[in-house]
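Trainee: Please put together the full structure from these sequences, using the hints given.
Residue numbers (my numbering), protein chains in the order written: chain A, 1 to 155; chain B, 1 to 583; chain C, 1 to 242.
No lab work stands behind these hints: they were computed from the structure. The structure displayed is predicted, hence computed values, not measured ones. Warning: the hint list may mix true and false statements.
Said to hold, decoys possible - To give an idea of the chain C side of the interface with chain B (calculated C-beta under 10 Å), a few residues:
no.: 1; residue: SER42
no.: 2; residue: PHE58
no.: 3; residue: ALA64
no.: 4; residue: GLY150
no.: 5; residue: PHE177
Unchecked claim - In silico negatives: residues of chain C with every beta carbon more than 10 Å from chain A:
no.: 6; residue: LEU29
no.: 7; residue: ASP84
no.: 8; residue: MET115
no.: 9; residue: THR140
no.: 10; residue: MET152
no.: 11; residue: ASP163
no.: 12; residue: ALA166
no.: 13; residue: GLY185
no.: 14; residue: ILE196
no.: 15; residue: ARG207
no.: 16; residue: PHE236
As the list claims (entries may be wrong) - A few chain C positions that, by computed beta-carbon distances, are all more than 10 Å from chain B:
no.: 17; residue: PHE50
no.: 18; residue: GLU54
no.: 19; residue: PHE68
no.: 20; residue: ARG69
no.: 21; residue: LEU87
no.: 22; residue: HIS107
no.: 23; residue: LYS111
no.: 24; residue: VAL130
no.: 25; residue: TYR136
no.: 26; residue: SER141
no.: 27; residue: ALA159
no.: 28; residue: SER178
no.: 29; residue: THR216
no.: 30; residue: PHE234
We put the CB at the ideal spot given by N, CA and C, even for glycine.
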Amino acid sequence: MSHDSHHIIPFKTLATVFGALIVLTVLTVVAAALPLGPLDMPVAILIAVAKASLVVLYFMALKYDKPVNSLTFSVGTLFVVIFITFTLFDTAFRGDLGDVSSQTVDEITRQETEAGERQQQFTPEQMAVSPADYEALQNNESAADTTTADTADTE
Amino acid sequence: MDAATKGAEVAHEEHHDEAHDQNYLQYEPGIWNWLTTKDHKKIGIMYAVSLALVFLVAGVLAIMVRTELVSQGETIMDADTYNQVFTMHGILMVFLFLVPSIPAILGNFVLPLQIGAKDVAFPRLNLASWYVYMIGAIMTCAALYFGGVDTGWTFYTPYSSSTGGGVIWMTSAIFVSGFASIFTGLNFIVTIHKMRAPGMTWNRLPLFVWGLYATSIVQVLATPVIGITMLLLILERTMGIGIFDPALGGDPVLFQHFFWFYSHPAVYIMILPAFGVLSELIATFSRQRIFGYRAIALSSVAIAMLGFLVWGHHMFVSGQSAISSIIFSLITYLIGIPSGIKVFNWVATMYRGSIWLQTPMLYALSFLFLFTIGGFTGIMVGVLAVDVHLHDTYYVVGHFHYVMMGGSVMALLGGMHYWWPKITGRMYNETLGKIAVFLIFVGFNATFFSQLVLGAKGMPRRYYDYVDRFEALHQISTYGSYVLALGLFIVLFYGVYSMFFGPKAPANPWAAATLEWTNVAALPDPHNFVRTPLVTRGPYDFHLADEVFGSGDGVGDGQAASLDVPEPAPAAPEPSEEAPQNA
Amino acid sequence: MATDTTTDTPAAPAQTEVDLHDEEHLSHLQHHFVSSEQQFDSAKLGMWLFLITEVLLFSGMFVAYAVFRQWHPETFAAASQTLDWQLGGLNTVVLLASSFTIALAIHFIQKGEAMKSFWLQVGTIALAGVFLVVKYFEYTSKFEHGVFPGAMFDPHGVAHGVDYGALASYAYAPQFFSIYFVMTGIHGFHVVVGMILIGWIASRTYRGHFSSEYYTHIELSGLYWHLVDLVWIFLFPLLYLV
Ligand code: HEM
Ligand SMILES: [Cu+2]
Numbered sequence: 001m002s003h004d005s006h007h008i009i010p011f012k013t014l015a016t017v018f019g020a021l022i023v024l025t026v027l028t029v030v031a032a033a034l035p036l037g038p039l040d041m042p043v044a045i046l047i048a049v050a051k052a053s054l055v056v057l058y059f060m061a062l063k064y065d066k067p068v069n070s071l072t073f074s075v076g077t078l079f080v081v082i083f084i085t086f087t088l089f090d091t092a093f094r095g096d097l098g099d100v101s102s103q104t105v106d107e108i109t110r111q112e113t114e115a116g117e118r119q120q121q122f123t124p125e126q127m128a129v130s131p132a133d134y135e136a137l138q139n140n141e142s143a144a145d146t147t148t149a150d151t152a153d154t155e
Numbered sequence: 001m002d003a004a005t006k007g008a009e010v011a012h013e014e015h016h017d018e019a020h021d022q023n024y025l026q027y028e029p030g031i032w033n034w035l036t037t038k039d040h041k042k043i044g045i046m047y048a049v050s051l052a053l054v055f056l057v058a059g060v061l062a063i064m065v066r067t068e069l070v071s072q073g074e075t076i077m078d079a080d081t082y083n084q085v086f087t088m089h090g091i092l093m094v095f096l097f098l099v100p101s102i103p104a105i106l107g108n109f110v111l112p113l114q115i116g117a118k119d120v121a122f123p124r125l126n127l128a129s130w131y132v133y134m135i136g137a138i139m140t141c142a143a144l145y146f147g148g149v150d151t152g153w154t155f156y157t158p159y160s161s162s163t164g165g166g167v168i169w170m171t172s173a174i175f176v177s178g179f180a181s182i183f184t185g186l187n188f189i190v191t192i193h194k195m196r197a198p199g200m201t202w203n204r205l206p207l208f209v210w211g212l213y214a215t216s217i218v219q220v221l222a223t224p225v226i227g228i229t230m231l232l233l234i235l236e237r238t239m240g241i242g243i244f245d246p247a248l249g250g251d252p253v254l255f256q257h258f259f260w261f262y263s264h265p266a267v268y269i270m271i272l273p274a275f276g277v278l279s280e281l282i283a284t285f286s287r288q289r290i291f292g293y294r295a296i297a298l299s300s301v302a303i304a305m306l307g308f309l310v311w312g313h314h315m316f317v318s319g320q321s322a323i324s325s326i327i328f329s330l331i332t333y334l335i336g337i338p339s340g341i342k343v344f345n346w347v348a349t350m351y352r353g354s355i356w357l358q359t360p361m362l363y364a365l366s367f368l369f370l371f372t373i374g375g376f377t378g379i380m381v382g383v384l385a386v387d388v389h390l391h392d393t394y395y396v397v398g399h400f401h402y403v404m405m406g407g408s409v410m411a412l413l414g415g416m417h418y419w420w421p422k423i424t425g426r427m428y429n430e431t432l433g434k435i436a437v438f439l440i441f442v443g444f445n446a447t448f449f450s451q452l453v454l455g456a457k458g459m460p461r462r463y464y465d466y467v468d469r470f471e472a473l474h475q476i477s478t479y480g481s482y483v484l485a486l487g488l489f490i491v492l493f494y495g496v497y498s499m500f501f502g503p504k505a506p507a508n509p510w511a512a513a514t515l516e517w518t519n520v521a522a523l524p525d526p527h528n529f530v531r532t533p534l535v536t537r538g539p540y541d542f543h544l545a546d547e548v549f550g551s552g553d554g555v556g557d558g559q560a561a562s563l564d565v566p567e568p569a570p571a572a573p574e575p576s577e578e579a580p581q582n583a
Numbered sequence: 001m002a003t004d005t006t007t008d009t010p011a012a013p014a015q016t017e018v019d020l021h022d023e024e025h026l027s028h029l030q031h032h033f034v035s036s037e038q039q040f041d042s043a044k045l046g047m048w049l050f051l052i053t054e055v056l057l058f059s060g061m062f063v064a065y066a067v068f069r070q071w072h073p074e075t076f077a078a079a080s081q082t083l084d085w086q087l088g089g090l091n092t093v094v095l096l097a098s099s100f101t102i103a104l105a106i107h108f109i110q111k112g113e114a115m116k117s118f119w120l121q122v123g124t125i126a127l128a129g130v131f132l133v134v135k136y137f138e139y140t141s142k143f144e145h146g147v148f149p150g151a152m153f154d155p156h157g158v159a160h161g162v163d164y165g166a167l168a169s170y171a172y173a174p175q176f177f178s179i180y181f182v183m184t185g186i187h188g189f190h191v192v193v194g195m196i197l198i199g200w201i202a203s204r205t206y207r208g209h210f211s212s213e214y215y216t217h218i219e220l221s222g223l224y225w226h227l228v229d230l231v232w233i234f235l236f237p238l239l240y241l242v
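Mentor: And the structure:
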């Protein structure tokens, strides 16, 4: 009974992979000792990914395995990356809406005042938007009041 | 190949001889045999019983919540009790009922039948799933005993890392029952990949199978994360590891990322199998080939994947960065597309079909209506600016009940009615069934539409009291929930009644064209198929199924007798041999 | 009939060209499978699916690491200095070696040399034991200086040129060590589980349950063990080096 999925990986290949893994381990230690600055992390991760790929492809024999198993593993890895990336979208930019200095507040107040003044130039007919506004117009109320109408009774 | 499959026949001949006239319920009776069974059908039933109990308990809690809210002030319980009651309602419904529901009950029972397999790939793992689930359920009881939980079903830190005695038990229960979910999902993926009958290609898979496939992907990918989240929460409480608790230097928003990375995909664990059920119902009861088979199948998978990219829409006002709120909001809009594709396809399937308004179809139609509202309100709360106002109001409560109850539970009920004859071998009472759907539909809308209005007016969620101007709507909601409950009790009543006194069901009462109806006896054989079927057509090829159903030629008159039942698929070795059970 | 079943997708896997008369005598073939090929493929896919659940379980910890590291890089740099990279490196080599031995165990069982395979499995367990012993010394040397996970964190003293007391001046040092202990703790738990698993498999190999025809259990345990190694490959540089 011979199945192509039961590929026997030669001893030599396994030994070579093991050797490469050891070399990479030494390499990552050396790289960490070098003053790489901001490159420290990417280099370490790159080497780790290389090691992981060797383990997955040869020791775990994914290279010789059915494609569905590779697909499974790739999808799993993809979602780990998504998890980390999207969380960092938040944590790396946390507080980007935090700019509420007095200057910002002043500016907003000024814009609001301006807008309020502009509204004074319009007639109630021009300001009406909803059916309720038109009803209010007929009852001779100010259109702008309808938005407060339904909260009024609770106060 | 012929010889090979014939060999399989020979290999299992002795099974058939002893079990020939037997159905799976008579086969190996007795409580011990049930508790150790590896038969996917029996495990499905065991899950059904357990989940029905959970649903009953969680439902009673819901009625208590609604009763408390029928008038202002303290009605039947104080604020602390109220917190515990709505928390337990949410936890039980989400983690212990809705997440397992359709896959564990209907998926277990139907999946191997629909793809022509003798069982799921790992029957023992399947049984283990039920036991693990039961351990989770027992730990939940322990949580109640040790002081209860009042955090809401979301367990947000830092409150959850300091309150109550039951939180550790409850989070452990969720950790444990997560494994049940993983086992089911893993089992189904392998089953669908490896166990299909000859000729059952990917394009011939019934859409329920596709729905389960997409669900299983989510279960396998997302559930481990709730596991580690719960574990970290437990460590936070016991050792103060300071990852989530701000008092110790942790970040509570990080907890929400962890939680929603699971729990948003989890809502798709709840709805994707419901989509699958719906495709079966709509196709069968419209006697039409499903419109856009591929679009429906692949949109399920697309939703499963996209569903992992939107979790931050639950955190718009939690203090996450604005940039991620914007990204999450935009991706949330995308989710509407595949969901919309499905709804349009179902409607198109019904168009010019001969629609047969039996109870399962009525549930399917309710689903279409309610899920559409649920989906639209979902998009609305997905809009960043709008959600700032609607977040944590009854609008969100209305939204998720429209999708979870109006979507998933409706589909579950529809599916239970549809497969009831196959599961029990008996017919339920159609008249009572229709009355119940009507009550459920009306009660549901009264209960939850009023909540959408309440939310839009600013009623916050998770309070046991409110101001005057909300009273009328709260009362409508509460009375609606009583109607809803009445409808559900009627279902329970005639369901149990029919198990003992219902008329015997024929093998294919709905004249459906999928394998579990065409090639399986009225009550399935212990090994499902007497002969492994050879699949030669698609799951909804009613016209290829030997007899032609013209569109609208008098089939829609509600008379089962006027339906021609599709021929069974031939047995794998000799197509001429008809499986004996199909009269 | 054959034409009916061939479509644009590959034929259904249930159709396998296996001599079923052989299969009938195989005691390990469960009744709901058609062939041992199908049974093996199913088990393997199941195992890969299980492995990705493991990967996602660990991913939560990696997310926590990434977030806190990005917020408090100096703390993490200082705290990671107190970990002994030599012991960590030693453990890396030990685990890689154990991966190698289990891969060889599969290699030899495929060739039908069961006893070689058995001894390699024993070797794997022994290496795992070495890993745990080293880990034990690492943990205790931390505990001695009050470096505990979480609320009990109370660093003090100097040992082997490492100033633990200095950690007290970093507000977020407890986070680093919480993450360190939880990550390595969960990883260590997996090592223990792996030892038990391989121990069971080894005893079955010894009793001659496996052959070049049937060795699914060894292969699956091997996959699991490689995953344990895989996690460590990332833990080592992240915690000890950068
Ligand atoms: C069209 C697809 C959907 C979209 C765009 C959507 C969007 C959203 C958004 C933005 C929220 C957060 C609202 C807030 O907290 O302010 C939300 C809440 C929620 N959704 Fe959906 N949703 C969709 C479908 C579903 C489905 C199918 C389910 C379940 C079967 C579901 C279950 C929930 C639940 C349980 C919550 C509330 C969580 C809580 O307790 O805070 N949603 N949805
Ligand atoms: Cu969501």
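Trainee: Does each hint fit the structure? Answer for all of them.
Mentor: Verification of the supplied hints:
1. For C/SER42, the interface hint holds, since its Cβ comes within 10 Å of a Cβ in chain B; the closest pair sits about 4 Å apart.
2. With a least beta-carbon distance of about 8 Å to chain B, the hint placing C/PHE58 at the interface is held under the 10 Å criterion.
3. With 10 Å as the threshold, the beta carbon of C/ALA64 comes within range of chain B, its nearest partner Cβ sitting at about 6 Å, so the hint holds.
4. Hint status for C/GLY150: holds, given a least beta-carbon distance of 4 Å to chain B, under 10 Å.
5. The interface hint given for C/PHE177 is met, as the beta carbon of that residue sits about 9 Å from the closest beta carbon of chain B, less than 10 Å.
6. Against chain A, the non-interface label of C/LEU29 holds: every CB pair exceeds 10 Å, the least being about 12 Å.
7. Once the 10 Å rule is applied to beta carbons, C/ASP84 is consistent with being away from chain A; the minimum gap is 12 Å.
8. Every Cβ of chain A is farther than 10 Å from the Cβ of C/MET115; the closest lies at roughly 16 Å, confirming the non-interface assignment.
9. At roughly 24 Å from the closest C-beta of chain A, the C-beta of C/THR140 stays outside 10 Å, upholding its exclusion from the interface.
10. C/MET152, annotated as away from the interface, keeps every beta carbon of chain A farther than 10 Å; the closest lies near 26 Å.
11. At roughly 20 Å from the closest C-beta of chain A, the C-beta of C/ASP163 stays outside 10 Å, upholding its exclusion from the interface.
12. The beta carbon of C/ALA166 is kept farther than 10 Å from every beta carbon of chain A, the shortest such distance being approximately 20 Å.
13. Listed as outside the interface, C/GLY185 is consistent with that label: its C-beta sits roughly 20 Å from the nearest C-beta of chain A, beyond the 10 Å cut-off.
14. Against the 10 Å criterion, C/ILE196 stays outside the reach of chain A, whose nearest CB is about 20 Å from its own CB.
15. Non-interface call for C/ARG207 relative to chain A: holds, since the shortest CB-CB distance, roughly 22 Å, exceeds 10 Å.
16. Against the 10 Å criterion, C/PHE236 falls within the reach of chain A, whose nearest CB is about 8 Å from its own CB.
17. The beta carbon of C/PHE50 is not kept farther than 10 Å from every beta carbon of chain B, the shortest such distance being approximately 6 Å.
18. In this structure C/GLU54 is not separated from chain B by more than 10 Å, as the shortest Cβ-Cβ distance comes to only about 7 Å.
19. Non-interface status of C/PHE68 relative to chain B is broken: a Cβ of that chain comes within 10 Å, the nearest being about 8 Å off.
20. Residue-level check passed: C/ARG69 sits 13 Å from the nearest beta carbon of chain B, beyond 10 Å.
21. Against the 10 Å criterion, C/LEU87 stays outside the reach of chain B, whose nearest CB is about 23 Å from its own CB.
22. Every Cβ of chain B is farther than 10 Å from the Cβ of C/HIS107; the closest lies at roughly 26 Å, confirming the non-interface assignment.
23. The beta carbon of C/LYS111 is kept farther than 10 Å from every beta carbon of chain B, the shortest such distance being approximately 27 Å.
24. Every Cβ of chain B is farther than 10 Å from the Cβ of C/VAL130; the closest lies at roughly 27 Å, confirming the non-interface assignment.
25. At roughly 19 Å from the closest C-beta of chain B, the C-beta of C/TYR136 stays outside 10 Å, upholding its exclusion from the interface.
26. Distance to chain B confirms C/SER141 as a non-interface residue, since its nearest Cβ pair spans about 20 Å, more than 10 Å.
27. In this structure C/ALA159 is separated from chain B by more than 10 Å, as the shortest Cβ-Cβ distance comes to about 24 Å.
28. A cut-off of 10 Å between C-beta atoms contradicts the statement that C/SER178 is not in contact with chain B; the least separation is 4 Å.
29. The claim that C/THR216 lies off the interface holds: its Cβ sits roughly 13 Å from the closest Cβ of chain B, which is beyond the 10 Å cut-off.
30. Against the 10 Å criterion, C/PHE234 stays outside the reach of chain B, whose nearest CB is about 15 Å from its own CB.
This entry does not satisfy hints 16, 17, 18, 19 and 28, going by the numbered hints stated previously.
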